[in-house]
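Enquirer: Please model the complete structure; the sequences and the hints are all you need to start from.
2 protein chains.
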Amino acid sequence: MKKVKIALMGLGNVGTGVWMILDSNKKEIMKRSGYDVEVAKILVRNKDKKRDVEVPEEIITTDFNDILEDDSIKIVIEVMGGIEPAKEYMLKCMDRNKHIVTANKMLIATEGDELFEKAHDKGVVFNYEASVAGGIPIIKGIEESLTANKIEEFYGIVNGTTNYILSKMQLERLNFDVALKQAQDMGYAEADPTSDIEGFDAQYKLAILSSLAFGTKVDVNNVYREGITKIESIDMKYAKKFDMVIKLLAIAKESNGKLELKVQPTMIPKEHPLANVYDSFNAIFIKGNAVGDLMFYGRGAGSLPTGSAVVGDIVAILRSNVDVANYSHIAQNDLWHREIQNISESHSKFYIRITVIDQPGVLGEITTILGKYNVSLRSVIQKGEENSKGQVTIVLFTHKTSEADVSSAIEELMNLKPVITIDNVIRIEDFKN
Amino acid sequence: MKKVKIALMGLGNVGTGVWMILDSNKKEIMKRSGYDVEVAKILVRNKDKKRDVEVPEEIITTDFNDILEDDSIKIVIEVMGGIEPAKEYMLKCMDRNKHIVTANKMLIATEGDELFEKAHDKGVVFNYEASVAGGIPIIKGIEESLTANKIEEFYGIVNGTTNYILSKMQLERLNFDVALKQAQDMGYAEADPTSDIEGFDAQYKLAILSSLAFGTKVDVNNVYREGITKIESIDMKYAKKFDMVIKLLAIAKESNGKLELKVQPTMIPKEHPLANVYDSFNAIFIKGNAVGDLMFYGRGAGSLPTGSAVVGDIVAILRSNVDVANYSHIAQNDLWHREIQNISESHSKFYIRITVIDQPGVLGEITTILGKYNVSLRSVIQKGEENSKGQVTIVLFTHKTSEADVSSAIEELMNLKPVITIDNVIRIEDFKN
Ligand SMILES: NC(=O)c1ccc[n+]([C@@H]2O[C@H](COP(=O)([O-])OP(=O)(O)OC[C@H]3O[C@@H](n4cnc5c(N)ncnc54)[C@H](OP(=O)(O)O)[C@@H]3O)[C@@H](O)[C@H]2O)c1
Ligand SMILES: NC(=O)c1ccc[n+]([C@@H]2O[C@H](COP(=O)([O-])OP(=O)(O)OC[C@H]3O[C@@H](n4cnc5c(N)ncnc54)[C@H](OP(=O)(O)O)[C@@H]3O)[C@@H](O)[C@H]2O)c1
Numbered sequence: 001m002k003k004v005k006i007a008l009m010g011l012g013n014v015g016t017g018v019w020m021i022l023d024s025n026k027k028e029i030m031k032r033s034g035y036d037v038e039v040a041k042i043l044v045r046n047k048d049k050k051r052d053v054e055v056p057e058e059i060i061t062t063d064f065n066d067i068l069e070d071d072s073i074k075i076v077i078e079v080m081g082g083i084e085p086a087k088e089y090m091l092k093c094m095d096r097n098k099h100i101v102t103a104n105k106m107l108i109a110t111e112g113d114e115l116f117e118k119a120h121d122k123g124v125v126f127n128y129e130a131s132v133a134g135g136i137p138i139i140k141g142i143e144e145s146l147t148a149n150k151i152e153e154f155y156g157i158v159n160g161t162t163n164y165i166l167s168k169m170q171l172e173r174l175n176f177d178v179a180l181k182q183a184q185d186m187g188y189a190e191a192d193p194t195s196d197i198e199g200f201d202a203q204y205k206l207a208i209l210s211s212l213a214f215g216t217k218v219d220v221n222n223v224y225r226e227g228i229t230k231i232e233s234i235d236m237k238y239a240k241k242f243d244m245v246i247k248l249l250a251i252a253k254e255s256n257g258k259l260e261l262k263v264q265p266t267m268i269p270k271e272h273p274l275a276n277v278y279d280s281f282n283a284i285f286i287k288g289n290a291v292g293d294l295m296f297y298g299r300g301a302g303s304l305p306t307g308s309a310v311v312g313d314i315v316a317i318l319r320s321n322v323d324v325a326n327y328s329h330i331a332q333n334d335l336w337h338r339e340i341q342n343i344s345e346s347h348s349k350f351y352i353r354i355t356v357i358d359q360p361g362v363l364g365e366i367t368t369i370l371g372k373y374n375v376s377l378r379s380v381i382q383k384g385e386e387n388s389k390g391q392v393t394i395v396l397f398t399h400k401t402s403e404a405d406v407s408s409a410i411e412e413l414m415n416l417k418p419v420i421t422i423d424n425v426i427r428i429e430d431f432k433n
Numbered sequence: 001m002k003k004v005k006i007a008l009m010g011l012g013n014v015g016t017g018v019w020m021i022l023d024s025n026k027k028e029i030m031k032r033s034g035y036d037v038e039v040a041k042i043l044v045r046n047k048d049k050k051r052d053v054e055v056p057e058e059i060i061t062t063d064f065n066d067i068l069e070d071d072s073i074k075i076v077i078e079v080m081g082g083i084e085p086a087k088e089y090m091l092k093c094m095d096r097n098k099h100i101v102t103a104n105k106m107l108i109a110t111e112g113d114e115l116f117e118k119a120h121d122k123g124v125v126f127n128y129e130a131s132v133a134g135g136i137p138i139i140k141g142i143e144e145s146l147t148a149n150k151i152e153e154f155y156g157i158v159n160g161t162t163n164y165i166l167s168k169m170q171l172e173r174l175n176f177d178v179a180l181k182q183a184q185d186m187g188y189a190e191a192d193p194t195s196d197i198e199g200f201d202a203q204y205k206l207a208i209l210s211s212l213a214f215g216t217k218v219d220v221n222n223v224y225r226e227g228i229t230k231i232e233s234i235d236m237k238y239a240k241k242f243d244m245v246i247k248l249l250a251i252a253k254e255s256n257g258k259l260e261l262k263v264q265p266t267m268i269p270k271e272h273p274l275a276n277v278y279d280s281f282n283a284i285f286i287k288g289n290a291v292g293d294l295m296f297y298g299r300g301a302g303s304l305p306t307g308s309a310v311v312g313d314i315v316a317i318l319r320s321n322v323d324v325a326n327y328s329h330i331a332q333n334d335l336w337h338r339e340i341q342n343i344s345e346s347h348s349k350f351y352i353r354i355t356v357i358d359q360p361g362v363l364g365e366i367t368t369i370l371g372k373y374n375v376s377l378r379s380v381i382q383k384g385e386e387n388s389k390g391q392v393t394i395v396l397f398t399h400k401t402s403e404a405d406v407s408s409a410i411e412e413l414m415n416l417k418p419v420i421t422i423d424n425v426i427r428i429e430d431f432k433n
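Those sequence lines, one after another, are chains A and B.
Mapping of the first sequence onto full-length UniProt numbering: position 148 corresponds to residue 148, and the numbering continues sequentially without gaps.
Mapping of the second sequence onto full-length UniProt numbering: position 168 corresponds to residue 168, and the numbering continues sequentially without gaps.
Derived by calculation from the structure, the hints in this document are not laboratory data.
Computed from a prediction, not measured in an experiment: that's the story for all the values here.
A few of these clues could be false.
Which copy? The list can't say, so a pair holds if one copy fits it or any two copies do.
When the alpha-carbon atoms are kept at most 25 Å apart in a straight line, the in silico PhoX-like pairs for lysine-lysine are as follows [said to hold, decoys possible]:
1) 118 - 31
2) 432 - 2
3) 389 - 150
4) 400 - 50
5) 383 - 432
6) 383 - 31
7) 372 - 122
8) 217 - 27
9) 240 - 217
Expert: Here's what the structure looks like:
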């Protein structure tokens, strides 16, 4: 049996999962890769921290050079997170002809180019399956299985925390705050949940996936992003009335020759496969011009599922070319230059929830303004009972209309006397285009 | 741009799809593979047949030697189907160092060993993604992405025709015959639908997938197989009453150190992701010990989806080693020897529908017999109205019990005076083990 040495940078959630899998599935991995994998070094911040796994003391280090300078270490697994020093460390490792496996979505989405280029120049493998949707093999799916296709669009539930929160709100009628608290208690949401609930995490993943699927560089800042903090239980209720559910979707599609990239809470028909993805599960629904509709579903995070993707990436390297650094990257993300559409150019159907003073003619005034901006209505619900202040809720579902028109209409609506608040505006996706 | 010549054997449903994809997605395939792919020859039975695609006359041939003896043809795509001459042709092509891509599930499931061995001996690639679940990349998923996992079990809807029929029966309350007729009109079912509705097609696919997932040789004859012809609308109705649906599942799981492999109509909880797979869609639900629950969903058949898998396999060859025949197969299917459990050793929960003469004490007699064979009941429905002959329907849901015990009990039940018929016995899968 051939032997190979690898190193981990990081022994947190993901690093621990990687260690456990390499240990418990050693036999399988040996048979499938042809190698006996030895973790020669593990880089951490704090040597004295109590770990969830039993790791020989002598392989734990706080000195990156122990990894960098050991030429017998062929593959380095970056699971520390953050931009620096992760980036510097990976670049240096590649310079020493080490292959890289990483789970670092933030880094790849924001400064990935430099890493891809270095890998290309040095002929080393740079694998990052774990960076999007945890254990779901969506990167390999796009990069290796769907190669016969023009990918036309995809829709992803790529953040488990927000899907957990929205599921709780939908199925158990919890308020956002209560659902968020539960997600934190379950360990799905961090103490500071901003990156998840404001859609940053999904935005990184959308940038990575769309760059791969459309073969173009995607500047993460050009990806429209909207979180789920404004969603209320009452929106769930109205969605249900129209046989829809609300999901935080990462959407990528073609639109007038440009790419439309958006992370946003979205109302979707309840019979769509994505609508039935509950709890902290992730799923990516893809349309290819040959394969048609395809969906990948699974665990988007967690120690073992993410570790599964990392170790899968290690095995892939072992099966190809661990000994020689001569991998020729098909530079997926600069095949074609594609312009990214500004959100104002985008077209959607909309759900608009408004609180108004219940007085004669108010609906007429509202529809007049909408009409002025070419926003035509599919249906209107006016909630019967008014509250103590004489206010009622009006819910509007529009036909397909431009973002710019809706924005202008809403701005004018806000100035309308009987309008108290525009409570929510949620885009609707019926997958029909 | 490098050029490569390939040949098709077959220009039917799948062959036509392959041709269309190579044509319409030529640019994408060139960029992703690094090759300009030329179809140099196409083998058919009848040169004069009108084709759905425009193919230059001079590349169509009925003589296999035109392909075999042309050493400039590096990859041969077998999409003719059947055992012979497909097998002989592929073996001969491999002997001439040609790589193979095939969609031929029947051949792989029944006589695949010889083909795998030849590929191994000659160091050529033998790819067969299209043989299971059409466009869904399940073979690559297992073989290349889930390599970090011990696969514990999987459940597949792998036959689109039967899923279409069952969906129609469930959602539109059609009878089996009417639904089958519709499937035939839609082109989903063949004039002779036996292979689909009796579960042979699913049996082939289960043999291929389980061999890959568990790294063992699977004799297709050891896979238990039961079709859907006995399912009636009334069974759908009772399933619904218990929040379940009926699907034809290909099931593979561990059971007392053996493998349990079954193709059977199965009642599953309506909230399970597989329960929401409708129409002619396929899906495979896999549990890995690291990745957890994973599901792949998509088109399991059809010209373009199947062609997508075939062309993906071609690109994979082009990216690795088209010029040299030195591919080292990790012989997936003989890593471990695993015994396959006989169906009689299997344990399930059961749904049993019986027609009896409505007379006092009949239920007591039935439960006594069941009790004698340790079949304990979770619930019993006795349908109120009797028909003109004084007969009523009794539906039993059992707790987990052995096949052998249920068989014996049913045999004895059939001899019970008031029992007219045992109308149906359907296994229940709650995914809980
Ligand atoms: N958690 C998930 O489910 C998940 C899923 C997909 C992708 N990811 C990605 O995987 C990466 C790791 O996530 P995680 O959840 O495992 O993080 P984590 O639990 O915070 O673990 C980080 C690890 O890296 C070490 N580390 C951090 N900075 C270091 C430095 N400057 N020098 C040396 N060691 C350092 C830490 O050492 P100490 O232990 O000594 O503090 C710790 O072991 C991130 O990029 C994340 O986005 C995570
Ligand atoms: N159809 C699907 O959706 C699907 C999905 C997955 C896998 N598959 C598999 O793909 C394979 C092909 O299926 P298909 O539906 O494309 O079959 P098909 O429509 O019947 O086409 C078969 C083709 O092979 C040619 N052919 C058959 N026997 C031949 C022989 N002895 N010599 C020369 N040419 C021969 C036929 O020539 P002529 O045209 O001259 O008759 C025809 O072009 C089968 O193994 C099937 O199981 C099919």
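Enquirer: Hint by hint, say whether it matches the structure.
Expert: Results of checking the hints against the structure:
1. 118 - 31: between (31 Å within a copy, 21 Å between copies)
2. 432 - 2: neither (53 Å within a copy, 39 Å between copies)
3. 389 - 150: For residue 389 and residue 150, neither the intra-copy (55 Å) nor the inter-copy (62 Å) Cα distance is at most 25 Å.
4. 400 - 50: neither (56 Å within a copy, 43 Å between copies)
5. 383 - 432: neither (29 Å within a copy, 44 Å between copies)
6. 383 - 31: This pair counts as neither: shortest intra-copy Cα distance 64 Å, inter-copy 56 Å.
7. 372 - 122: neither (59 Å within a copy, 72 Å between copies)
8. 217 - 27: between (40 Å within a copy, 18 Å between copies)
9. 240 - 217: Answer is neither; intra-copy 38 Å and inter-copy 49 Å both fail.
Checked against the numbered hints given earlier, this structure breaks hints 2, 3, 4, 5, 6, 7, 9; the rest are met.
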